[in-house]
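Those protein sequences? They're chains A, B, C and D, same order as listed.
The first sequence maps to residues 12 to 285 in the working numbering.
The second sequence maps to residues 12 to 285 in the working numbering.
The third sequence maps to residues 21 to 278 in the working numbering.
The fourth sequence maps to residues 21 to 278 in the working numbering.
I should point out that these hints are in silico values taken from the structure, not numbers from a laboratory.
In this text, a Cβ means the ideal position worked out from N, Cα and C, and glycines have one as well.
If a hint is listed, it holds; no wrong ones were tucked in.
Listed next, with one range per pair, are the computed distances between beta-carbon atoms:
| no. | chain 1 | residue 1 | chain 2 | residue 2 | range |
| --- | --- | --- | --- | --- | --- |
| 1 | D | 259 | A | 211 | 33 to 41 Å |
| 2 | D | 92 | B | 54 | 36 to 44 Å |
| 3 | A | 201 | C | 234 | 52 to 60 Å |
| 4 | C | 38 | B | 152 | 41 to 49 Å |
Sample of chain D residues at the chain A side, in silico, Cβ under 10 Å:
| no. | residue |
| --- | --- |
| 5 | 42 |
| 6 | 66 |
| 7 | 92 |
| 8 | 94 |
| 9 | 95 |
| 10 | 96 |
| 11 | 97 |
| 12 | 99 |
| 13 | 102 |
| 14 | 104 |
| 15 | 105 |
| 16 | 109 |
| 17 | 110 |
| 18 | 111 |
| 19 | 156 |
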Amino acid sequence: MEFLSLGEAVERFVADGDQVAMEGFTHLIPFAAGHEIIRRGRRELTLIRMTPDLLYDQMIGMGTARRLVFSWGGNPGVGSLHRFRDAVENGWPAPIEIVEHSHAAMANAYEAGAAGMPCAVFRGYRGTDLPEVNPGIRFLRCPFTGEELACVASLRPDVAIVHAQKADREGNVMVEGILGVQKEAVLAARRAIVTVEEVVDELGPRSPNAVILPGWTLSAVCLAPGGARPSYAHGYYGRDNAFYLAWDAISRERESFLEWMRRNVLEAPPGEAR
Amino acid sequence: MEFLSLGEAVERFVADGDQVAMEGFTHLIPFAAGHEIIRRGRRELTLIRMTPDLLYDQMIGMGTARRLVFSWGGNPGVGSLHRFRDAVENGWPAPIEIVEHSHAAMANAYEAGAAGMPCAVFRGYRGTDLPEVNPGIRFLRCPFTGEELACVASLRPDVAIVHAQKADREGNVMVEGILGVQKEAVLAARRAIVTVEEVVDELGPRSPNAVILPGWTLSAVCLAPGGARPSYAHGYYGRDNAFYLAWDAISRERESFLEWMRRNVLEAPPGEAR
Amino acid sequence: MSYTSAEMMTVAAARALGGGDICFVGIGLPSAACNLARLTHAPGLRLIYESGTIETRPDTLPLSIGDPELCQTALTTVGVPEIFRYWLQGGRITVGFLGGAQIDRYANLNTTVIGPYSRPKVRLPGSGGASEIAASCGKIFIIMRQSRRSFVERLDFLTTLGHGRSGAERRALGIATQGPVLVVTDLCTMTPEPETNEMIVASLHPGVSREQVVESTGWPVRFAPVVNETPAPAAAELEALRDLQARTARAHGSAGAE
Amino acid sequence: MSYTSAEMMTVAAARALGGGDICFVGIGLPSAACNLARLTHAPGLRLIYESGTIETRPDTLPLSIGDPELCQTALTTVGVPEIFRYWLQGGRITVGFLGGAQIDRYANLNTTVIGPYSRPKVRLPGSGGASEIAASCGKIFIIMRQSRRSFVERLDFLTTLGHGRSGAERRALGIATQGPVLVVTDLCTMTPEPETNEMIVASLHPGVSREQVVESTGWPVRFAPVVNETPAPAAAELEALRDLQARTARAHGSAGAE
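Here chain A stands alone, though its shape is the one from the complex (with noise of 0.2 Å):
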């Protein structure tokens, strides 16, 4: 593990063509980092995510993306993703390849990426139609019962990026709230960033059960205050749901979006998050 700058972190660790999970179920989104690794044009890349939101509208805008593997690609509460939908179904800025799954499968791949399994079995896809359209659904039978179970392959991406709250010198990272697959995602991946609120001398007093990625599971911890907004750090600050709501008619138009990135990504300073 090395604290680095996010700049650093993602030329180092985040190269084109790479399939990186940027995790955070709502809570925690890695927002700085993508817009950092929007700014150093990364290209081809294969995108990973449950929830593809704002954060991977704007990147799929961006022209960051190749493919797509995800279960559910919405605003929450508020609508469409217009800018994941133009991709899907006008192929602008460029076709997107969608690899599409549903939640229960992208947990339960994540977890066995974790568990250095090749393979997640569940029960899960039945009677539905995604297992004709997703050639990495398969099933298989329990030995003992018979019964038919879904299985698909565990998720081992290049890269992991989440954010969390705080690290101590060591850089050993601490989750609190809402944790999402991002413990998962950081253990399956390869090489893992963490972008913090903030670094302390000592995570101090906590629960002996705590939720905390030793820092030698990590590539790189980078300090970025805010790095979640417009998503938000339980105990630092809240969500930005006035912006959510917003998000719908600045990305409905790809003017209006360009315009957008350009004057809060392009052009804003690293390791800041809008």
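With chain A's structure known, arrange chains B, C and D on it following the hints.
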């Protein structure tokens, strides 16, 4: 969930012949509940536990068990479990059938039970003799990589019994420290009894990710202060290592064992652990 | 007290929930109905969101499935793999509450695409948790606005299994849970016909005619032998709902939030 | 400073651990060696116990695998399914430290039974974590007292795979980890011979003869082309070990604890 005396909980929820999982990985071992089962003369139980230690040594020595499902049977750091060995080697007080696994297999089998799965798939048992003596160990192939993976039936006990620090008035139970497989055992079981150090009005300030078993996942919560002794309860009392060392001599001979059990369990008031 | 058809829909859905239920809540209309039930007749109702929040008691409706309020008011919050494995797949949930873009007569749902999958006319969000919610919860309630565009003869994509394309798939697939037992719309409620599992109209909301329902349904909709009138929202129900929505709009910084 | 053969064994084992190692620790002799290493030359050594304690720094040796001290001094503590899935099977551990009742020349271990499985002469504890520790850790160190009863020609039961019954099973089974690379006893250290993977004597502890080792080994033990003398314990090593054991004995309420 009902608040019951330990005697009533055992009376109602543990029947002769049941599959009973009493868990606690060194920490929070439910001694008081096990002693109550002995006092009530339950018979023909299938006892399930990763680490049958002193409690199961006592239960086996008192003839409650017909079968033992386990992965490590010793007095940790001390040596043999003499009553367990006497049952396996000499059939005293009765022959005992053993179903033997590795820790990884049992941990995965509990996890799969909690997850409602018929089986658990993991990487295990490769090159070992256990699959030759346990027909419940199977193998299947990953449909993506062709790798051979171990597969065991999930554990779904009739009843799980665990000890925990505290419950609130709704019967929500909070556990802290070494967590073992208690949560999994409770969620995998048809019925669950939890003994607690105390019942409080409110669980109070805690991590948002505190390990809590909601009251509606339980059959009974029983107040049993000290109910884990000579094991321990993080935040309440320490492990009686001296007793674990002393148990070696107490349990070595049948007579001294029976005498100890008579004085400390059979004639002890219900709900009290040594 | 006058009320809108959307209010009628939310109130009718809320009433179906009992105090002993453990409910897996989807965002939007389901979330409004579940929280209304909790704030009115079913205070014991336990709400679980797929973000991992267990027994959450938000004072306002979350905009997303993982708003801060959900975690802050929860008994506890677990990771997403755990919520899908131990709590949903583990069979702990009595009621799952879903919506969709399209529904067919057997209450199968489409939230994936309008048009062909490979060249969609409209790309919808996808399954999210719905595919497994529909299979693992004890029973399923569906809440959707009714129209010919959404209540269709044939789904463009079957994202979430109701009773299957023939109405009998659940048993054939070995799925022991009940599946959709109630559809609540802004016009009526529907329940599965015994034997066929086709959703038929069980009650009409006050002032709604059979013709309106027929007009708004893409298949030749059928009616139960006895069709009741849905009881109108009581004043207490409406007040609780409006208070909740007003608090929510203030919290989200917009009057537009649902 | 004089020392016992047990002290020599523990010190020699401790030395094999590096400051960058992440070590899965078994109870007893392995725990003493790992904590000695942490308290002497390898303060950065990370210890993980199967009870779920990650980066634990106990001041005394735990009697069990889950003593209070382990959790109290840990960076964090996770559940047992997680420790076996994410941390062990996930390939996060560089060194696993094991002991056993019997070992053969390919460093396979028996901790299950002496005699036939169905009618054992001695029923041992069983695998515990060992079967999967041996396969999932980057490499394995073994620490055992040496005798003809424990270093045997043929195991009564193969609980834990070393290099397999022919010495070549790991590759045949597709296991990419190294397996046992070091056996430390109270007489000597052994390492696998290149090509055959048979454990051969690499160093003799001071004062130990080849004949003693031959006498104490149930198979025709072989020696490396060059056999070194194990460096005797340094005063600092012995002091650290004795302090640790004295603290431990006081804490356990007995001088008998190891």
